[in-house]
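Start from chain Z and add chain C according to the hints.
Protein sequences, first through last, are from chains Z and C.
Going by numbering that gives the first Met the number 0, the first sequence opens with residue 0, and the numbers climb by one from there.
Going by numbering that gives the first Met the number 0, the second sequence opens with residue 0, and the numbers climb by one from there.
Don't read these hints as lab results, they were simulated from the structure.
Every clue listed holds true.
Distance ranges between label pairs, derived from CB positions:
no.	chain 1	residue 1	chain 2	residue 2	range
1	C	T205	Z	K2	50 to 60 Å
2	Z	A77	C	D111	36 to 46 Å
3	C	T205	Z	M217	54 to 64 Å
4	C	G138	Z	M217	28 to 38 Å
5	Z	L109	C	F88	34 to 44 Å
6	Z	M217	C	Q188	57 to 67 Å
Derived DSSO-like pairs (lysine-lysine); straight-line CA-CA distance at most 30 Å:
no.	chain 1	residue 1	chain 2	residue 2
7	C	K17	Z	K92
8	Z	K203	Z	K93
9	Z	K93	C	K17
10	Z	K93	Z	K194
11	Z	K203	C	K175
12	Z	K194	C	K133
13	C	K17	C	K7
14	C	K133	C	K183
15	Z	K93	C	K25
16	Z	K203	C	K133
17	Z	K92	C	K25
Glycine residues also receive a C-beta, built at the ideal position from the N, C-alpha and C atoms.
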Amino acid sequence: MNKTVNQKAWFLVLPVLVLVAFSAVIPLMTVVNYSVQDTFGNNAFFWAGLDWFDEMVHSDRLHAALGRQVLFSAIILAIEVPLGIFIALNMPKKGFWSSVTLVLMALPLLIPWNVVGTIWQIFGRVDIGLLGRALSALGIDYNYTNDPLDAWATVIVMDVWHWTSLVALLCYAGLQSIPQAYYQAARIDQATRWKVFRYIELPKMSGVLLIAVLLRFMDSFMIYTEPFVVTGGGPGNATTFLSIDLVKMAVGQFDLGPAAAFSIMYFLVILLVSWVFYTVMTNFDKEEGL
Amino acid sequence: MARITLQKLAHSYMPHPKSEDDFALKELNHVWEDGMAYALLGASGCGKTTLLNIISGLVRPSHGRVLFGDRDVTDAPTAERNIAQVFQFPVVYDTMTVEDNLAFPLRNRGMDPSYIQARVHQIARMIGMEEVLKRKARGLTADAKQKISLGRGMVREDVNAILFDEPLTVIDPHMKWELRTQLKALHQQFGHTMIYVTHDQTEALTFADQVVVMHDGRVVQIGTPQALFETPAHTFVGYFIGSPGMNLFDATVEGRFATVAGQRLDLGLDYGRPTGRVQLGVRPEYVALSDDPSGLPVTVTRIEDVGRHRIVRAEFDGRPVNAIAHEGQPVTPAMRRLSLAPGHINVYADDWRVQGKAA
Numbered sequence: 000m001n002k003t004v005n006q007k008a009w010f011l012v013l014p015v016l017v018l019v020a021f022s023a024v025i026p027l028m029t030v031v032n033y034s035v036q037d038t039f040g041n042n043a044f045f046w047a048g049l050d051w052f053d054e055m056v057h058s059d060r061l062h063a064a065l066g067r068q069v070l071f072s073a074i075i076l077a078i079e080v081p082l083g084i085f086i087a088l089n090m091p092k093k094g095f096w097s098s099v100t101l102v103l104m105a106l107p108l109l110i111p112w113n114v115v116g117t118i119w120q121i122f123g124r125v126d127i128g129l130l131g132r133a134l135s136a137l138g139i140d141y142n143y144t145n146d147p148l149d150a151w152a153t154v155i156v157m158d159v160w161h162w163t164s165l166v167a168l169l170c171y172a173g174l175q176s177i178p179q180a181y182y183q184a185a186r187i188d189q190a191t192r193w194k195v196f197r198y199i200e201l202p203k204m205s206g207v208l209l210i211a212v213l214l215r216f217m218d219s220f221m222i223y224t225e226p227f228v229v230t231g232g233g234p235g236n237a238t239t240f241l242s243i244d245l246v247k248m249a250v251g252q253f254d255l256g257p258a259a260a261f262s263i264m265y266f267l268v269i270l271l272v273s274w275v276f277y278t279v280m281t282n283f284d285k286e287e288g289l
Numbered sequence: 000m001a002r003i004t005l006q007k008l009a010h011s012y013m014p015h016p017k018s019e020d021d022f023a024l025k026e027l028n029h030v031w032e033d034g035m036a037y038a039l040l041g042a043s044g045c046g047k048t049t050l051l052n053i054i055s056g057l058v059r060p061s062h063g064r065v066l067f068g069d070r071d072v073t074d075a076p077t078a079e080r081n082i083a084q085v086f087q088f089p090v091v092y093d094t095m096t097v098e099d100n101l102a103f104p105l106r107n108r109g110m111d112p113s114y115i116q117a118r119v120h121q122i123a124r125m126i127g128m129e130e131v132l133k134r135k136a137r138g139l140t141a142d143a144k145q146k147i148s149l150g151r152g153m154v155r156e157d158v159n160a161i162l163f164d165e166p167l168t169v170i171d172p173h174m175k176w177e178l179r180t181q182l183k184a185l186h187q188q189f190g191h192t193m194i195y196v197t198h199d200q201t202e203a204l205t206f207a208d209q210v211v212v213m214h215d216g217r218v219v220q221i222g223t224p225q226a227l228f229e230t231p232a233h234t235f236v237g238y239f240i241g242s243p244g245m246n247l248f249d250a251t252v253e254g255r256f257a258t259v260a261g262q263r264l265d266l267g268l269d270y271g272r273p274t275g276r277v278q279l280g281v282r283p284e285y286v287a288l289s290d291d292p293s294g295l296p297v298t299v300t301r302i303e304d305v306g307r308h309r310i311v312r313a314e315f316d317g318r319p320v321n322a323i324a325h326e327g328q329p330v331t332p333a334m335r336r337l338s339l340a341p342g343h344i345n346v347y348a349d350d351w352r353v354q355g356k357a358a
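Okay, chain Z solo, but in the shape it has when bound (with noise of 0.2 Å):
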């Protein structure tokens, strides 16, 4: 039997396009556009070509931020998981108690970035907060409006504060579908606590505990809101990230071209660095003995 040619199908697969030319394409095509374009204002744009992805490679002003960058989230990568981990295997399995623990632990998470933001901003203050007052009353010098170490170190505790929640209750999830059949063949082979985490918690959990690293990565390599509304990217450039330096950039200093180039840009490296962590993670799991 002949196929029927029917050409009507692809009617059926238009709502989706228009949606996805509207949600994603276009948006971005726009940012495109103005990265090969250049202008002196009055709208009279000109052909730029590459020339701002040329510069914006070679600026260093970029690299800076993105070496922060890399480092602020190697670092909260480095304390959630762990953490989160560590947090999940101590939360009550059953009962009232774990419960609370889950309500507790979502908190958090249901706290919009920019209020996050200023529960920090006013606990770390030296004159009225909370944090900043006792730190000085114990003689610890702090003030992160002034030195860099403290600022970085506010934004590390504010984002593992914020985040660790996620982690941990990827893991409980993970953890909770593990039989409890697992647990007893360990205890009547006789392994050890640590066994049990290494040959039956930890691989029960990759695949959740991928999604979490996935997550926390691109959330973190993305952030804005919590360190522009607690340090504003000071004090000097210290706690400017890429996404607050790109905001610097496309609106402070209304260059348009280099910071087209670098959204782009800024883009591709999350993409990479995702599929990267993605595919390490999963051919991990995978690995066969021969």
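This is chain C only, laid out in the frame that chain Z set:
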């Protein structure tokens, strides 16, 4: 290896059990003799797994004591009891190779590497997995995984007992037969005490020296397969063991005579005057279809040929009754009576068997 004694053992999952119904396992005294093969038989949810987990120490009994030899191990953790247990569904360590899985219990006990190597290969040969020793356990089929679980259960030679919790549920039929035969061979070779939980009577009867039948949290009978067949101590045993199960007739019994729906039967032994719900239990194997007018009048509804014999499904007094007609035994439309073989009729009062005395 040691004898395992259960003293006044009972278990309830509730903190303050009020009535007997709150107990998942009702009071039980039993000695598991060293080196015997036992089957623990019963319907799902009757407390078999609870009993097994108490023996291995995964569950602490709420009442009573567990002794290994003369040592009270009621509060001892699983590790100290040195017990192997195989679960219903495969439990393998996914990220390890098959070899590491099998070696895991031995390594945890700090055994000598050369011994581990030899022992793992021996076990792998037995479960037919020598070729896949170097492969990761992840990605193997369910029955291959269950074979690994079985192998891990058997890898330690010095265990006090090996407990099997319906281990062959996920294995396909021809492999089931082979593994069961190997377990039996293993038992004869090493003489471990084995307790094998199942709800499959064939499995229980072929595997075990002694069968423990449980019903509703209670051990209703412990005996050889033969005893369970001939003299079920409880109507549940009669019904659960045998295919089809035992026929039960409501009756009144006085001395050595019973009356069933107006028909008088000679029981051969004196049963006194049992009270409560009195029933006669007769295995289909001891019921014959005949045209003898002194038999019980029945309506035959169906005859099933199951190969070696035929099962006669009939109705007596509005209730189903089964008889077995052996090969060569004629079945004709004129046969509308059932005769019960004397000497094979058991009397039950409120489900428990009444012992008859020679009249």
